[in-house]
Amino acid sequence: MTLTALPRFTLACASLAFACAAFAQVPAGKGPLRLIVGYPAGGSADVQARTLADKLSAELGAPVVVENRSGAGGQIAADYVRAAQPDGLTVLLANMHMMVMLPLTSKSVHYDPVKDFRAVGRIASFYEGIAVPATLPASNVREWLALAGSDRSRASYGVPAAGSVSQFMGFRLGSDARVELTPVPYRGAAPLVQDLLGNQVAAGITPIADLVPYQQSGKLKVLAVNGVRRTALLPDVPTLKELGQPHFDNLEWTGLFVPAGTPRATVVQLHAALGKALALPEVQERLAKLGSDASPSTPEELSALIADDLKRWGPVVKASGFTTE
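In terms of this note's numbering, the sequence shown opens at residue 31 and continues consecutively.
Honestly, the hints are just simulated from the structure, not real lab data.
Any given hint could turn out to be false.
What the hints assert, rightly or not - DMTMM-like mimics (lysine to aspartate or glutamate), calculated; alpha carbons at most 20 Å apart, straight line:
1. K306 with D323
2. K306 with E89
3. K341 with D266
4. K249 with D266
5. K145 with D279
6. K319 with E330
7. K319 with D84
8. K249 with D339
9. K341 with D323
10. K341 with D142
11. K137 with D109
12. K145 with E173
13. K319 with E331
14. K348 with D142
15. K306 with E331
What the hints assert, rightly or not - Taking CB as the label site, the calculated pair distances span:
16. G179 with L310: 27 to 37 Å
17. S180 with G305: 45 to 55 Å
18. R342 with G305: 39 to 49 Å
Just so you know, these numbers come straight off a predicted model, no measurement behind them.
Ideal Cβ placement from N, Cα and C applies to all residues, glycine included.
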């Protein structure tokens, strides 16, 4: 070997060593990989995680164990993953509430959704619907807002949780129409829907999975949904965008995240495994039953979505004056 060839040879060895080091941190062949869920077993987030676990395991060549660390709206799970080793073996299944609404509304949140995590990819997206009892004399959003403006007893709207995106959708709708609406937080969508059916609350804003059967039976009226296009579950219901409300394009979503500092090679492998899982018809069917659409994205697209959601909802939360403290 000539002296002039030594630098080139050294560079090649260094490149190979870097590639091997990166590959050594990819989770395939190790395990188990723990998929952390911030909500109790049986909920939609938990079902999503368990639907994906076996598929991810097959792709990664390592066991995938779902671990529920519920509490504080998902904050406990997010804090746990933030502090975990960035080796790709601890993965967070998070939703928009955990990564956008909690950081905007709670001073007790210690994680930064942008700096403390690396996005792997979006799993699914789902619609929010505005619903009223079948007996309410309003057939569209404009009529509901007019009724709420003229009769304070009709100005309440239920939301599945305090500080949820549902609450701020209602605040933004009321502010734009110059109608003072009153949010009524519930502990989940089920009791909210029951009060809607019993005419105990004038309206409700909640994910449509809980509304579809009652819209189809005529017991509730879903006046509109968010998003840029109508949902296949309720094809006759217009979007808020169609009704002249341009601020509600983004859907709610779920996605996978790993701690900041996780090697890119690991993120790439996890993203590839997630994409293959979401392409399976049985996974898409299971998500559809939860009222969600499989909507895979690149890590960069999910990161951009979080930044957009924070920018979109930050001023609304501030204007509302809402805080969990």
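Structure-based check of each hint:
For a cut-off of 20 Å, the pair hint linking K306 to D323 stands: about 15 Å separates their Cα positions. At roughly 8 Å between alpha-carbon atoms, K306 and E89 fall within 20 Å of each other, so this suggested pair holds. With a C-alpha separation of about 31 Å, the suggested pairing of K341 with D266 is violated against the 20 Å cut-off. At most 20 Å may separate the alpha-carbon atoms for a hinted pair to count; K249 and D266 meet this at roughly 16 Å.
Between the alpha carbons of K145 and D279 the distance comes to roughly 25 Å, so the proposed pair goes past 20 Å and is violated. Restraint check for K319 and E330: the C-alpha separation of about 28 Å exceeds 20 Å, so the hint is violated. Distance hint between K319 and D84 is fulfilled; the C-alpha atoms sit about 18 Å from each other, no more than 20 Å. As the CA atoms of K249 and D339 are separated by approximately 33 Å, the hinted pair breaks the 20 Å bound.
Distance restraint check for K341 and D323: the Cα-Cα separation of roughly 24 Å exceeds the 20 Å cut-off, and the hinted pair is therefore not satisfied. For a cut-off of 20 Å, the pair hint linking K341 to D142 stands: about 14 Å separates their Cα positions. For the hint linking K137 to D109, the alpha-carbon distance of about 14 Å falls within 20 Å, and the restraint holds. Between the alpha carbons of K145 and E173 the distance comes to roughly 43 Å, so the proposed pair goes past 20 Å and is violated.
Taking the CA atoms of K319 and E331, the gap is about 25 Å. The hint is violated against a cut of 20 Å. Proximity of K348 to D142 is assessed by CA-CA distance (about 18 Å); at most 20 Å being required, the pair is judged to hold. For the suggested pair K306 and E331, the alpha carbons sit about 17 Å apart, so the restraint of at most 20 Å is met. Between G179 and L310 the C-beta distance comes to about 48 Å, which lies outside the given range of 27 to 37 Å.
Between S180 and G305 the C-beta distance comes to about 51 Å, which sits within the given range of 45 to 55 Å. At roughly 26 Å, the beta carbons of R342 and G305 sit outside the given window of 39 to 49 Å.
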